[in-house]
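Order-wise, the sequence lines are chains A and B. Our numbering numbers the first residue of the first sequence as 541 and each following residue consecutively. Our numbering numbers the first residue of the second sequence as 958 and each following residue consecutively.
Check the hints yourself; a few may be wrong.
[What the hints assert, rightly or not] Residues on chain A that point at chain B, a partial pick, calculated with CB under 10 Å:
#1 G859
#2 S864
#3 S870
#4 A871
#5 T875
#6 I896
#7 T897
#8 Q898
#9 V899
Hints are computed from structural coordinates only; laboratory data are not their basis. Here a beta-carbon is modelled for each residue, glycine too, at the ideal position from N, C-alpha and C.
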Amino acid sequence: MGSASAESIGGITEQKGVASLVRNGGEEITVSGTSVPGIELKDTAVTGNGRMLIEFLDEEELSIIEHTRIYIDEAYYDPDPSKSKMAIRMVQGTARFTSGRGKRINKSNVQLSTPTAEIAILGTDFTTTIDEIGQSLIILLPDEKTGLSSGKIIISNAGGTVTLEEAYQASTISSYDKSPSAPVKLSGIDPSMISNIFIVSEPQEIKEVKQQEGLLSENDNVNILDVDFLEFNELEKDYLEYDELEFSELDIDYLAVDFLQDVLDVLQALDKGTSLDRSALSSGIDLQGTIVGFDSDTQYNSIVDKGADTIKFFRDVDGVISISMLLSQSATIRTVSDQKESEIILGDGQGIIINITQVQ
Amino acid sequence: MNMNKSYIFVMFGLISMSNAIAGDANDNEIFIEQTGNNVELTIQQIGAGNKYGGDNFSGTSIDMTMTVSDSYLDILLDGDYNKMFGTIATTGSTINNFITGDYNLWNQKIGVANTADTITIDSAITGSTNSVVFRAGNADDSYNVDTPLWNNTAAESFWTVSGSVWSRTATGQTAYWGSWTPTAGSADSLDMDLDVNGSDNTLNVFVNSTNATFDWDITGSDNWIQTTMEDGADNSQTVAVTGDYNFIFVGQNTGSTVGVTNNAILDATFTTTHSDINIIQSDAN
């Protein structure tokens, strides 16, 4: 496929679906089978429902999957590798970076960053996943030949530093001033799946560590250190109103649709026991298997209308499913798609059995 | 009969209790063969045991055949044990089917050879124990009242989809159809509404058209409802079911164009208990 032009610092070697480059001046160039531009300094690589693989001059590879945005800030190649430099900012989505086998640039001069951390590499292969509010998930991948660690990456920000050294070790970073989570080794994946990795929601191991460390976001748990007890005023709280229930159809984020769902969760066979723990009992609704609002795991938006005493389950992946029912009803909604299976239970789940199969 | 513009109003009134109890007598039979454009037709039969269809109606049916375009048809059956069989090849028409009564049999096909372009169909059934097979834009004659795609035994089992073939096999089940292969047609722009108010009704509705919208409301219990939509882009169903012990199967297959992802849209409201609801959405290409 495309080769680097005279001014380029790399080329696009694979492309599928909707992908483009935005030049520094704002010009957007669509990447297609017949038009494969070279990579230039200050380019922004953007994918919609598509992917691309960028290879830089020193053979570094940057694999970008759907709905991802990457800034290529700098790539300078000097005859003296110690003076060469590369800087890439991963802004949103999921990308896999494989450091080059060339000799044009010292690995210590490769600077990678996410909105919440900086990553120093020592001959490595890893993925980053960044959500819409900048939280990052970084996983060190194995060497494809040996299966052992591909090297070492050092993740640092204002909150601290964490080093990943073993294959499949992972860390999440919720904000720039909070330390990256302690490394956790993920299980249930192998190199054959890495080339098709789609890590969008957090692996269960990461969630557990964050729970232990009190690092969950306000939607999950609040860190005890974040609580301002002086602001506590129980009498002002209206227990008839639940913030989760304010999620409405207007809040549906159609861009949050995960067409290629979390392989890690799939690999762990959807620990249904755990999944069912993600209930909405805290909001007064006997709902298991999903949450009120958008659930990135099931891809359902659950919208409660307390006035009408109804709940709507809306899902827009491989077809649109919208199911409304009374909150007082009981139902089991089983959904099987190409990627995964989920089960939502309202009440005791015995009243209505709804089986949904979606395939592309 | 061949005309450019027709106005027909036919009304039959007949009450025969004995025939109503017998349930399959030959009271009134209306057999229509109509060809033309801009036809405005209203047919109403009042009473029991009436039929729209052919002359061998006490046994197997012969469809009444209408080849009309840009027309307006009202077909009404008021009473019990009525039957309506018919094929209407049409484009650009509005068709209203209204059945009021119990134990009626409705087997109608609108749009033979996939010619159901730009059609609006508004149908309503008020009554119980009615049997319906309705095909819009679907030329497959193999579907009829006696051969539903599936029975509802052990319905909690998932369907499986392989390519464009949907199948559902499980121990203890008896399949009338082990699988179903959606077939792309060529009809376009279909707008259907179906309201059922009653219980113990059996409905099989097959839609084959691009840009098809199908809104159906069921109020009643113990109904057995199967709908399929195939072909085309962005087929949409809006469903409201109120009542208990209903079995519902909804199949939506889109994607007659290779490489193009077309959405199937299902917007359903269920107010029910003890119901078994199955939904399949697939994009064949």
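>> Checking hints one by one. Is A/T897 an interface residue toward chain B, by the C-beta closer than 10 Å rule?
In response: Hint holds; A/T897 Cβ to chain B Cβ min 5 Å, cut 10 Å.
> Hey, does the A/T875 contact hint survive, CB to chain B under 10 Å?
Replying inline: Since chain B brings a Cβ to about 9 Å from A/T875, closer than 10 Å, the hint holds.
> Can the hint on A/V899 be confirmed by a CB-to-CB distance to chain B that is less than 10 Å?
Replying inline: holds (4 Å)
>> Min Cβ distance, A/S864 to chain B: is it shorter than 10 Å?
In response: holds (4 Å)
>> Holds or violated: the hint that A/G859 contacts chain B, with Cβ atoms closer than 10 Å.
In response: Holds, about 3 Å.
> Going by Cβ atoms only, is A/Q898 closer than 10 Å to chain B?
Replying inline: holds (5 Å)
> Would the stated hint for A/S870 survive a check requiring a Cβ distance to chain B of less than 10 Å?
Replying inline: Interface hint status for A/S870: holds (8 Å vs cutoff 10 Å).
> Per the CB criterion, is A/I896 less than 10 Å away from chain B?
Replying inline: holds (5 Å)
> Against chain B, is A/A871 within 10 Å by beta-carbon distance?
Replying inline: Holds, because the Cβ-Cβ distance from A/A871 to chain B comes to roughly 8 Å (cut-off 10 Å).
Of the numbered hints stated above, none is contradicted by the structure.
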